[in-house]
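J.: The residues making up each chain are set out below.
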Amino acid sequence: MHELGVVFHIMDSLEKVAAENEVEGISKVVLELGEVSTVIESYLQNCWKWAAKKRKLFAEAELIVETLPAVTYCESCEKTYPTVEYGKICPYCHSPDTWLLQGSEFNIKEIEVY
Amino acid sequence: MKEVRILEIKQSVFADNDKQAEELRRELKDKGVFLLNLMSSPGSGKTTTLMKTIETLKDKLKIGVMEADIDSDVDARTISQSGAKVIQLHTGGMCHLDAGMTRQGLDGLETEGIELAILENVGNLVCPAEFDTGSSKNAMILSVPEGDDKPLKYPLMFSICDVVLINKIDVLPYFNFDMEKCKEYIHMRNPQAKIIPICAKTGEGIQEWADWLAEEVRKWREEE
Ligand SMILES: Nc1nc2c(ncn2[C@@H]2O[C@H](COP(=O)(O)OP(=O)(O)O)[C@@H](O)[C@H]2O)c(=O)[nH]1
Ligand SMILES: [Mg+2]
Ligand SMILES: [Zn+2]
Ligand SMILES: [Zn+2]
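Chains S and U, in that order, are what the protein sequence lines are.
Counted the way my numbering counts, the first sequence spans residues 1 to 114.
Counted the way my numbering counts, the second sequence spans residues 1 to 224.
Just chain U, same shape as in the assembly (with noise of 0.2 Å):
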C-alpha cells in the first residue's frame, strides 16, 4: 500500500505569481523600464488610445508595445503604424496574462533602450485584476456605452487601478451615462484612483493622461 500524507499548503492560488510579478517588477526597476498595464473590456478603446498616447508622448519617451490577444495579430499591426516597436503576444485561449507570460513578452519586445513598455492586456474585467504582471502601474479604461455602473459590477478591477480612463466621451448625448455618479462609484471603490474623461477618436483628454503618465513615469525614476 502506498502511504498517504498530508501537505498544508495555506495559500492563496495567487501567490506563486505575486511573487514572479514582484521579482520582474523590481528587475524592470533596475532596467529602467518602466511597465504600464492597460486593460479594459473588448472594444473600450485600448488600441485606440495608445495610438494618440505614442503620437503625443512619442518625442519624450521611448515606447515600447506589447499586444497581447487570444489569436490575431491586428492590433499590432495597428500599433506598428505609430512608428512605436511592437510585438503580439499570443495567449492561447487564456483569459489573461500572468507576470511569467509578460516577461516573455517583454524578452520578445528587447526592452534594451525602452523607457516606457505598455502592455495591451486581453479584453476582460475580471481576471487581468487577479493576476499581477510586474507592472508599475495599472491603468483601465471605461467606456460610456458599457454603463456607468461598471465599478459596482466589477469592483477588484477598480480597486487595483491607478488610473481610469472613461472613454468615448463624444458619445455621451447618446447614453445614459452619469459621469459624476460613475466617478462616485470609482471612488468608493478606490478613493486614490486618478480618473480622466477622453476621447480616443478625437483626442480630447489625451494631453491630461499622457501628462499623467509621463508624470508618473518620472517620478517612478526618482524612486529608490
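For reference, chain S alone in the conformation it holds in the complex (with noise of 0.2 Å):
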C-alpha cells in the first residue's frame, strides 16, 4: 500500500532531522496534504498508527493533517474554481483548458519535539 510507504519516508526524514537537533522524542507531526494527492488521509493515519509503534521516536507522536483545499486556473477566462466540486471543466466558461493551481501539494510543516 502506498501510504505505508510515505509514512516510511516521512519517519526516515525525521530521524534525520531529529538527530541533527538533539531531540529526544516527537510528540507530533503536522502534515500538510492537498485534496487531490495521491494519498488517503484515513489510510495514513492507520499506517502511521501501526509504524509508530515500532520505532521509539514516534511512539508517542500523534499525527496531524491539514487538508489544502484544491484550485484550478482556467486559462481561457483567467478565473480559479474548486477543482473537487468542478473537475476538469472551467465553470465560468465550460473550458476544458485549465490547470492545477494548487492541492497536490503534500509536505511536512512542522513537528512538535522534547
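It is possible that part of the hints are untrue.
To be verified - Over 10 Å on every C-beta distance to chain S, these chain U residues come out as not near it, computed from the model:
(1) 7
(2) 55
(3) 82
(4) 170
(5) 173
(6) 205
(7) 223
To be verified - Some, not all, of what chain U presents toward chain S, calculated at C-beta under 7 Å:
(8) 4
(9) 6
(10) 8
(11) 16
If you're looking for bench data, these hints aren't it; they were derived computationally from the structure.
Where a beta carbon is used, it is the ideal one built from N, C-alpha and C, also for glycine.
Combine the two chains into a complex, taking the hints into account.
T.: Structure below.
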C-alpha cells in the first residue's frame, strides 16, 4: 500500500531531523495534504499508528493532517475555481483549458519535539 | 516536565528522495550509465517489451536490467533468456521504488561496463510517478485494453514521462480505443511526450522505440 511507503519516508526524514536537533522524542507531526493528492488521509492515519509503534522516536507521536484545498486555474477566462466540485471543465466558461494551481501538495509542516 | 518545542520543517514529503535521486543521477552520469525507468500498470507489457528491446539493441549497447517485483522472480528469469545481465529486486510489499532502493539495485547489478540500465518498476501508475528513481529518462507503457482515458485518470504519471509506448495495438479492433484521442489526452498533460504505438507481441513499432532510446542515450552521453 502506497500510504505505508509514504509513512516510512516521512519517518526516515524526521529521524534525520531529530538527530540534527538533539531530539529525544516527537510528540506531534503536522502534515499538509492537498485535497487531490494521491494519498488518502484515513489510510495514512492507520499506517502511521502501525509504524509508530515500531519506532522509538515516534512511540508517542500524534499525526495531524491539515487539508489544503484544491484550486484550478482556467486559461480561457483567467478565473480560478474549486477543483473537487467542478473537475477539469471551467464552471464559468466551460473551457477544458485548465490546470491545477494547488491541491496536490504533500508537505511536512512542523513537528513538536522534546 | 519535558520541555516541548516546535521545529518548522516546511518541506515536501518527497524532498529527501528528490535529493537522493539528484545525487544518483549525477553519479550515473559520471560513470556513463544511462538509467531508464520503465513504468506501467501490471500486465501492460513491460517485460515483453523489454525482451524485444534487448533483442534489437543488444549489439549496439551493453544492457543491464533490474526487475522490481513484490516477491517473485518470474520476470528476471524471462529476461535472463535474452542474454542481458539481470537482477531481481524484491520490494517487500512496497508499491514503488525510491532512489535509495534503485541505488542498492544498481550496486547489486554491478554496472561496470553497462551503458544502458533499465529498471522495470513496480506495476502501478500512482506512486512510481511521485518517487524519482534517479533515472535519466522515464518511459511508460499504456496498453490498449486499459482504455484511452488513462491519461486523464493518472495525470501525474503522464506528465513525468519522456516517452509513452501504447502497447498491444494488435487488439485495437476489439476495443473502443481511440488512438487520436489518447494522444491528445497525453499531450494535454505533457506536450513534450514522445508517443510510439507498439505491439510487443509481434515487434511492430519496436524499431522506432529502440531508435528513439539509442538516440537519447547518445545525446545524453554528449551532454556536459
Ligand atoms: N496481444 C498482446 N499481448 C501482449 C502484448 N504485449 C504483452 N502482451 C501480453 O500481456 C501479458 C502481460 O505482459 P508482461 O510483459 O508480463 O507485462 P508486465 O506485467 O507489464 O511486465 C502477457 O500475457 C503478454 O504476453 C501485445 O503487444 N499484444
Ligand atoms: Mg513484468
Ligand atoms: Zn508507493
Ligand atoms: Zn474559464
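J.: Hint by hint, say whether it matches the structure.
T.: Going through the hints against the structure:
| no. | hint | result |
| --- | --- | --- |
| 1 | 7 | 5 Å, violated |
| 2 | 55 | 34 Å, holds |
| 3 | 82 | 30 Å, holds |
| 4 | 170 | 31 Å, holds |
| 5 | 173 | 29 Å, holds |
| 6 | 205 | 29 Å, holds |
| 7 | 223 | 29 Å, holds |
| 8 | 4 | 5 Å, holds |
| 9 | 6 | 5 Å, holds |
| 10 | 8 | 5 Å, holds |
| 11 | 16 | 5 Å, holds |
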